[in-house]
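**Student:** Each chain is listed here by its residues.
Number of protein chains: 2
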Amino acid sequence: MTDRRVLLAVTMGEPAGIGGELTLQAWAARHVNGPAFLAIDNSERLRILATSLGYDIPIKTITSAADAGEVFPTALPVLEVPMAATATLGKPSPATAAAVIEAIEVGVRLAVDGEVDGIVTNPIQKHVLYAVGFTHPGHTEFLADLSRSANPPVMMLASSQIDPCLRVVPVTIHVGLRRALDLLTPGLIAEQLRLTHAALISDFAISNPRIAVAGLNPHAGESGSMGNEETDIIAPVVAELRAEGINVTGPLPPDTLFAEQRRSSYDAAICMYHDQALIPIKTLDFSGGVNITLGLPIVRTSPDHGTALEIAGAGKADPTSFLAALDVAAELASNRAVD
Amino acid sequence: MTDRRVLLAVTMGEPAGIGGELTLQAWAARHVNGPAFLAIDNSERLRILATSLGYDIPIKTITSAADAGEVFPTALPVLEVPMAATATLGKPSPATAAAVIEAIEVGVRLAVDGEVDGIVTNPIQKHVLYAVGFTHPGHTEFLADLSRSANPPVMMLASSQIDPCLRVVPVTIHVGLRRALDLLTPGLIAEQLRLTHAALISDFAISNPRIAVAGLNPHAGESGSMGNEETDIIAPVVAELRAEGINVTGPLPPDTLFAEQRRSSYDAAICMYHDQALIPIKTLDFSGGVNITLGLPIVRTSPDHGTALEIAGAGKADPTSFLAALDVAAELASNRAVD
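Chains as they are written, first to last, in the working numbering: chain A, 1 to 339; chain B, 1 to 339.
Hints may contain errors.
Estimated spans, in silico, between C-beta atoms of each pair [stated by the list, open to error]: (1) B:D182 - A:A239: 23 to 33 Å; (2) A:S202 - B:K91: 31 to 41 Å; (3) B:N228 - A:T74: 50 to 60 Å; (4) B:T74 - A:D232: 53 to 63 Å; (5) B:N228 - A:P94: 34 to 44 Å; (6) A:A29 - B:P164: 22 to 32 Å; (7) B:G187 - A:E240: 23 to 33 Å; (8) B:G315 - A:H136: 57 to 67 Å; (9) A:S160 - B:A243: 40 to 50 Å; (10) A:K316 - B:G245: 42 to 52 Å; (11) B:K91 - A:S160: 37 to 47 Å; (12) B:P186 - A:N228: 55 to 65 Å.
The hints are simulated quantities; they were obtained by calculation from the structure and are not laboratory data. From the three backbone atoms N, C-alpha and C, an ideal C-beta is built for every residue, glycine too.
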């Protein structure tokens, strides 16, 4: 990052979904005072979308990211992605899949090259991408591969709408609960915990991060009377990382860990499975959570929702999470720049 | 229940814990305007405790529950339980275990006989009871046995501090998560759901209760791509009970089910495991939740915490949950009386 204002790149995402209208709404909401961004998208489809929604948003094609900062206050800067077909709102098609993938590739390249300070990705419909040969388990793994990340990506969900703020890291994610239990190993937990610790320092500017680790079982197993994963798997990792000087506590009873009275005692909570992390954050902040990928060489955030095909183009998309994703990406990028 | 004011019985619970001070605080907080209750306890130990805490609370021994209503506005009525030894705060002992058990037995008898309208139980330390031959897995199972319940007890946690209010029923409770997965069967879910439905009508006076059923896996399994318990176990139960005319929906994605926007769509949520139910309620209301046992012939509630041995007698016990347990028991008893 240079000494210019933070500049982010926003990828197109699935053009049949709500991504386009989120990008348009975000420019309207942030062009005066927010972080600058360019859209890696198709200007024609954005213009048609803006017109159909009645949004008065100037759109300007740019050919270099370097021009985005100057354009941003008066028009949405778009780095063009050619589309082989017009997207039909609500109906994802393999005909536009190549454009979806290209937007992501361009975004990562710009971030790796330092032409932008981070990327915010609009949601994709991965099953459509599989139809054209996409081979990654998901969006995040594709980004890790493209950015030649030395680390596996770590998913953090954060909400600044919650006070004290809540940051959660599920060590297992999109797998059934039975499979999640089988995947829990000391190695996995230690790896995610170390990457979270490093990111809290570099990206969140927290010099000595406090990390809480949730147990897996009710009451964190109550000394082994309700499951032994705490004593066999989790506690040894906590002891090992404490010995390395990391300020980590646990395993802690999951049910009380996310209450207001407890949240101020840690900067991030390491959770054992998807819903242990997602239930508290979505219960407290249904629409404002941000998905942050830790462990990558680039800054990447995304809104904490999907393509919402059923309301695409209807002007009903709630931009709260997308706007938060932009703001968080800008904050992380600024912190990395100082680092 | 007769046409007199609601009368509840409060059991002693573990005398080394915070139960005694909760009972005293509850009388102070409710003797003017709250539901009347009698303590099934030891008046000497309560007097000593009140004095040591500096509480100016008159205590009066009664020999019949029928006298409690008249005494209650001016003194805490106590039905005497003899104790073989003086309890040491913070140190549970088998020497007082017989008194703990007797208080529960007396409470259930009074409720079964209609001399009180419900019981609120102070927390026990079950390992101490095991030392004197107590054979039940826990407090609740003991109550079911004593009251000759035709049904297995169902645990509901409810908070009226949360708006819209939240009532959750975990179908598996104090077992490790791996074991909980093994215990999940259509029969268990159907049984708990039917008992919850009946209790919402009889005890909560909701004529056509709306019940939401959580999935087990992330996103409720996403059509089987992340676990098949939804399609194999949960969905068939929901279909069966809908066919019986019960207003039940699910399996629903667990992470969004407890958000404010969703809570108004159901009267109770059936949850698949302890923390799926406990995380949302404790995240939203750390200290005001009430544990309600459904399916018993008697009304029974308890505070949603343990004996808190480490602060017993220190005057630090928070009575919020205990007071809520009293108020909820009174409400349920009134509804049953009308029924």
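**Student:** For every hint, state whether the structure bears it out.
**Tutor:** Okay, the hints, checked on the actual structure:
1. One distance hint, 23 to 33 Å for the beta-carbon pair D182 (chain B) and A239 (chain A), holds here, with the actual separation near 30 Å.
2. At roughly 49 Å, the beta-carbon separation of S202 (chain A) and K91 (chain B) lies outside the given 31 to 41 Å, and the hint is violated.
3. The given range of 50 to 60 Å is respected by N228 (chain B) and T74 (chain A), whose C-beta atoms sit roughly 53 Å from each other.
4. The hinted range of 53 to 63 Å is satisfied by T74 (chain B) and D232 (chain A), whose Cβ atoms lie roughly 57 Å apart.
5. One distance hint, 34 to 44 Å for the beta-carbon pair N228 (chain B) and P94 (chain A), is violated here, with the actual separation near 28 Å.
6. In this structure the supplied range 22 to 32 Å holds for A29 (chain A) paired with P164 (chain B), their Cβ-Cβ distance being about 30 Å.
7. Checked against the given bound of 23 to 33 Å, the beta carbons of G187 (chain B) and E240 (chain A), roughly 43 Å apart, lie outside it.
8. In this structure the supplied range 57 to 67 Å holds for G315 (chain B) paired with H136 (chain A), their Cβ-Cβ distance being about 59 Å.
9. Checking the proposed 40 to 50 Å range against S160 (chain A) and A243 (chain B) shows it holds: the Cβ atoms sit about 46 Å from each other.
10. Judged by the Cβ atoms, the range 42 to 52 Å given for K316 (chain A) and G245 (chain B) is violated: they are separated by roughly 34 Å.
11. For K91 (chain B) and S160 (chain A), the hinted distance range of 37 to 47 Å is satisfied, since their beta carbons lie about 45 Å from each other.
12. Between P186 (chain B) and N228 (chain A) the beta carbons are some 28 Å apart, a value that contradicts the proposed interval 55 to 65 Å.
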